[in-house]
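Since the structure of chain S is already known, use the hints to place chain C on it.
Below are the chains, spelled out letter by letter.
2 protein chains.
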Amino acid sequence: MLVHTIKEVREKVNEWKKANLTIGLVPTMGALHEGHLSLIKKATSCCDKVVVSAFVNPIQFGINEDFDKYPRTIEQDYKLCTENGVDILFNPSVKEMYGTNEQTNSNNFTYVTPPYFYVDKLCGASRIGHFDGVCTVVLKLFNIVQPNKAFFGQKDAQQAIIIKKMVNDLNVPVEIITCPIIRNSDGLALSSRNQYLSESGKKEALALNKILNNINNCYLKGITDIKALKETAFSFLNSHHELEYLEFFDSEDLSPKNQADSNTRIFIACRVDGIRLIDNIKLGE
Amino acid sequence: MLVHTIKEVREKVNEWKKANLTIGLVPTMGALHEGHLSLIKKATSCCDKVVVSAFVNPIQFGINEDFDKYPRTIEQDYKLCTENGVDILFNPSVKEMYGTNEQTNSNNFTYVTPPYFYVDKLCGASRIGHFDGVCTVVLKLFNIVQPNKAFFGQKDAQQAIIIKKMVNDLNVPVEIITCPIIRNSDGLALSSRNQYLSESGKKEALALNKILNNINNCYLKGITDIKALKETAFSFLNSHHELEYLEFFDSEDLSPKNQADSNTRIFIACRVDGIRLIDNIKLGE
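First to last, the protein sequences are chains S and C. Take 1 as the starting number for the first sequence in this note's numbering and just add one per residue. Take 1001 as the starting number for the second sequence in this note's numbering and just add one per residue.
Honestly, the hints are just simulated from the structure, not real lab data. Positions of the beta carbon are idealized from the N, C-alpha and C atoms, including for glycine. A portion of the hints provided could be inaccurate.
[Claimed, not checked] Per label pair, the in silico range of CB-to-CB distance:
no.: 1; chain 1: S; residue 1: A125; chain 2: C; residue 2: E1008; range: 37 to 43 Å
no.: 2; chain 1: C; residue 1: A1019; chain 2: S; residue 2: N105; range: 41 to 47 Å
no.: 3; chain 1: S; residue 1: N107; chain 2: C; residue 2: N1107; range: 46 to 52 Å
no.: 4; chain 1: S; residue 1: K221; chain 2: C; residue 2: N1107; range: 50 to 56 Å
[Unchecked claim] Only some residues are given here: those of chain C computed to face chain S with a beta carbon under 7 Å:
no.: 5; residue: F1055
no.: 6; residue: F1109
no.: 7; residue: K1140
no.: 8; residue: M1166
no.: 9; residue: P1173
no.: 10; residue: S1262
[Said to hold, decoys possible] Not the full set, but computed from the structure, chain C residues with beta-carbon under 8 Å of chain S:
no.: 11; residue: T1100
no.: 12; residue: K1165
no.: 13; residue: V1172
no.: 14; residue: Y1196
Same shape as in the complex, but just chain S (with noise of 0.2 Å):
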């Protein structure tokens, strides 16, 4: 079922509601990937009824993003959902979500901020505002569809904490489950944002994930040294890539790591031809 308002999902989740049914939600931007069905999958064994969100949020892209180009591709998602037993694909207008069209801005609407300490690093160093645009949404979802549990995946593993620790922080009463990476059979995560890569790129874009692997496989040999670790990735690095950046965080709280350890996520963030990808792994897994 393709629903396009927030009364038409608060009527479904009422009956569900009442009927004592639990609900997953999978909030996503839409043009689905094999990522995202991994997670509707997950949604689909473990809640009665399932909400798919698509919806290209626009407080969450800076000036100079991506949001008008950014693919919308709703028929083949609402394809993809049928064949999957989702209940509700809920994709919304933004006037829907934000009662205007015009961009909203903190003078005009309530925001949701989460603390500094998680934001102010990582992707949230240069995308400025994105995360509160983030949680804004995220929260807003949660309210529209009050689902027992939501499903997030580890690929925005920044964005997966940030969001427990907002449910945490603000007695949000569901339930955060994340799920794994899918790759390629290259190894390249998948992203809504590989479409904009060229036949060339996405080998180059390769790099990412042999980097992370690199120094999983050092760490595996018992270098814990971070900035031994961090050089060994400028060898799988060429004129295509610009490397935003290749940091070592706990994988629970972002906190700062002095030596890589078994609770060590490596983040990296690197432009590929100028397309922005991203990718994590946790050491030793």
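Just chain C now, kept in the frame of chain S:
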């Protein structure tokens, strides 16, 4: 039933939800008076179950404000709740609500940030961060109690408007019901902070209501010039009073007014012998 933990509230709430009972929430800082009781009576009249929260919320107090000396009268509050048909009086510790006894801040905690347009005036102008703290704790309470309806007093008119805006912006599934100001026989708006006043201070405090009523009478006689209406206040003020603001705003959205009209609310804040009091009135009522 006096409850101190989130877990116990949730257990009761889940029972009630399964039985399709409607839940009313009256958020307070305790020190209950007839104003709170009017909210409680309204709540019990239209909900199957009623939760009153009594929590002096540290994050809505500024550094030099009265957090430590704010009145705490939980035994008396519990007696009043029991007599008035309240099902749960929820009285959590700071640690229960924030996970720590330390003051949280925007570096380590997720906040709800209401729009500047609503916050940079009236009480928000002098109480920096106050409404962030209010919205954050109110959203937490909404998530813990999951009420169908929540009841707020019109005395904190800016607070009620900001909470309605938050609920609307974030799609919180709750109906906000604002109840009229309760006054003593002299016209003084009831407030837990009235306890700070001496006997003579209580007499001087009547100036707030007198100023508002006099402006309303002038308006009913046809005066709509805001400057002229404001000037009528000064005859009620003496050396015991320190006027913080006397402002005219739209009653729904706090937009500025050029002329007084029937959608105008007048807001006053005044220190009486150093005790900060507020009051408000809608013109024509």
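To see whether the hints hold, each was checked on the structure:
Remark: the range hint 37 to 43 Å for A125 of chain S to E1008 of chain C is upheld by a beta-carbon distance near 41 Å. With their beta carbons about 43 Å apart, A1019 of chain C and N105 of chain S fall inside the hinted range of 41 to 47 Å. Look at N107 of chain S against N1107 of chain C: about 23 Å separates their beta carbons, and that is not inside 46 to 52 Å. Evaluation of the 50 to 56 Å hint for K221 of chain S and N1107 of chain C yields a failure: the beta carbon distance comes to about 37 Å.
With a least beta-carbon distance of about 13 Å to chain S, the hint placing F1055 of chain C at the interface is violated under the 7 Å criterion. Among the interface hints, the one on F1109 of chain C holds; its C-beta lies about 5 Å from the nearest C-beta in chain S, closer than the 7 Å criterion. For the restraint placing K1140 of chain C at the interface with chain S, the shortest Cβ-Cβ distance is roughly 5 Å, inside the 7 Å limit, so the hint holds. Hint on M1166 of chain C holds. Least Cβ distance to chain S is approximately 5 Å, under the 7 Å limit.
Interface restraint check: P1173 of chain C against chain S, minimum CB-CB distance 6 Å, threshold 7 Å, status holds. Interface hint at S1262 of chain C: violated, since its Cβ lies 25 Å from the closest Cβ of chain S, which is beyond the 7 Å cut-off. Interface hint status for T1100 of chain C: violated, as the beta-carbon distance to the closest one in chain S is roughly 11 Å, over 8 Å. The beta carbon of K1165 of chain C comes within 6 Å of a beta carbon in chain S, closer than 8 Å, and the hint placing it at the interface holds.
Hint status for V1172 of chain C: holds, given a least beta-carbon distance of 5 Å to chain S, under 8 Å. With 8 Å as the threshold, the beta carbon of Y1196 of chain C stays out of range of chain S, its nearest partner Cβ sitting at about 32 Å, so the hint is violated.
Hint check: violations occur at hints 3, 4, 5, 10, 11 and 14; the rest are consistent with the structure.
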